[in-house]
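Between the sequences and the hints, there should be enough to build the whole structure, so can you do that?
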Amino acid sequence: MSYITFEKVSKVYQNRWFALEDVSFEIDKGEFVFIIGPTGAGKTTLLSHIYLKEFPSSGEVQILGYSSKTIKRHEVPFLRRKIGVIFQDFKLLHDRNVLKNVTIALEVTGVPSGVARERAIEILRELGMADKISKMPNELSGGEGQKVAIARALVREPFILLADEPTGNIDPDSADEILNILKRVNDRGTTVIVATHNYAFLDKVVRKRVISLQAGKVIKDEKFYIK
Amino acid sequence: MRNFILSETLGAYKSAKGMAWISIAVSFVLILIFGVSLYLSSTVYNIFQIEKKNIEIDVYIKGDIPEPFKNRLYEIIKQFAGVEDIDFISKEDALKVFSQRYPQYSDILGVFSEVPFPESYVIQLTPYWKRPDLIRHLVTEISVLPGVDEVYAGSDWIAKLSRISMLFIGISLILLVGLFLAISYVIYQTIRLIINARKELIEILDLVGATKSTIEIPYLINGTIYGFLGGLFAAIVLKLVIMGSKSLFFFKLPEYGVIYPLLVVIGLVVGLVASYLSFEEILP
Ligand SMILES: Nc1ncnc2c1ncn2[C@@H]1O[C@H](COP(=O)(O)OP(=O)(O)OP(=O)(O)O)[C@@H](O)[C@H]1O
Ligand SMILES: [Mg+2]
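One line per chain: the protein sequences are X and Z, in this order.
According to numbering that gives the first Met the number 0, the first sequence is numbered sequentially starting from 0.
According to numbering that gives the first Met the number 0, the second sequence is numbered sequentially starting from 0.
Source of the hints: derived by calculation from the structure; they are not laboratory data.
Treat each hint with caution, since some may be false.
[Said to hold, decoys possible] Cross-link-like lysine-lysine pairs, in silico, BS3-like; alpha carbons within 25 angstroms at most:
#1 Lys-52/X <-> Lys-211/Z
#2 Lys-90/X <-> Lys-211/Z
#3 Lys-13/Z <-> Lys-71/X
#4 Lys-95/Z <-> Lys-90/X
#5 Lys-52/Z <-> Lys-99/X
#6 Lys-99/X <-> Lys-69/Z
None of these values were measured; they are calculated from a predicted model.
Below, the structure written as structure tokens:
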């Protein structure tokens, strides 16, 4: 069974523009998928339909057993707990330190603070951030900030990790490091979906799938398993 | 989870401390005004109830009518609707009552050769007839009977009291509505300000799978506490004023214990409703 199914999904904003038009594809467990396309192609919109921030205007999205057609409002948080999301601007909370930025993802679901803390420290250590846990977000470099965001996304061991332009604000060396982290996450079985217009990235991942969008339509869907 | 809710509640308060205290102050003043009005209503209404229970009609009889005539009058009055019981008060009874009530004047009575009080009938009414309009009707009917000198009911005063207590109750109700709207508005705006200051946080909570109630509860707690504190302070001030009434106004005001918890509950409910509306409006 596939993790994600888009079936003839169209999205119209303000009833006049197709941000997505008739998009269909399936993504399975363990895939590494790039969503590429020029600015305004609909990459962010597509990712938003996976964690149901947006709902299709027509068509259907199925994710991890939930359907955009039948999911209840109060079930959406439970879907979100199975999906990690990171963004170009990290979306960290500037009023609390690194550790608290990570534990919050566990605490809101009722995990006891002690357990949340241990789990967060463990994942931050894996990402090489052990010595930064009590730093505030504004004391971090771009690469470090994104690592905190990744830790927050991974701390609940999601089935799917979505990354929207994850290296847009980061210097090239740190960007490579972030990409390596994403590959490692994928190697452990997590489905990873990266939206980017940084085509240079594509060559750095061997086993990958590339979905190309243009003006809201899928114009190419290629799988590369051997370079 | 408890830790999370607690720290978010505190964080929400800290992001608009000034407005929070303005909310509490406004709630306090308005609930206190309502409390005073409710207190006055209760007092007047209470007096009205007591007086209503004690109401009776005094029928003074002309001094020169013969005994059989008096008995006849007694029988006639007894037939009137609303009359439960009649007592005959002789001149001597009247004198006794007078001297008991005003012992300091009993000497003056010595100057009269005869007891200066008229004979009278005191009519007790059935509970249903203890209404100003019915009493007035009865008084008119009795006063035209032969042998009746004067009829006194004190019902005009009761009628006035009844109108005043209704007025007070009406004012209290209007105040209650006004207070609900005004406090709701202030708390609503405060919570709105807080939510807007914390939009980023709320967006992230939503992203990491916090349920709506988890996100919402800290704001509801804040609004509820603002209203609650306003009500609590109002109740405390009212209680202190009434307790201290003896030294403040030289007489002791009666207490109505139910008012204090009522004020607190009103504050709490307004706070809860207002913050709920605020949250629903901004983040449906
Ligand atoms: N909330 C919205 N309301 C209205 N239009 C929107 C909204 N979000 C996106 N759009 C429009 O939908 C189209 C696709 O936008 P989207 O953000 O998905 O593109 P993108 O591929 O992510 O672009 P970029 O590379 O610049 O991030 C654009 O034309 C955009 O203006
Ligand atoms: Mg985008």
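Hints versus structure:
1. Lys-52/X <-> Lys-211/Z: Measuring from Cα to Cα gives roughly 14 angstroms; hence the hint holds.
2. Lys-90/X <-> Lys-211/Z: 20 angstroms, holds
3. Lys-13/Z <-> Lys-71/X: Cα-Cα ~34 angstroms, so violated.
4. Lys-95/Z <-> Lys-90/X: 92 angstroms, violated
5. Lys-52/Z <-> Lys-99/X: 68 angstroms, violated
6. Lys-99/X <-> Lys-69/Z: 96 angstroms, violated
Checked against the numbered hints given earlier, this structure breaks hints 3, 4, 5 and 6; the rest are met.
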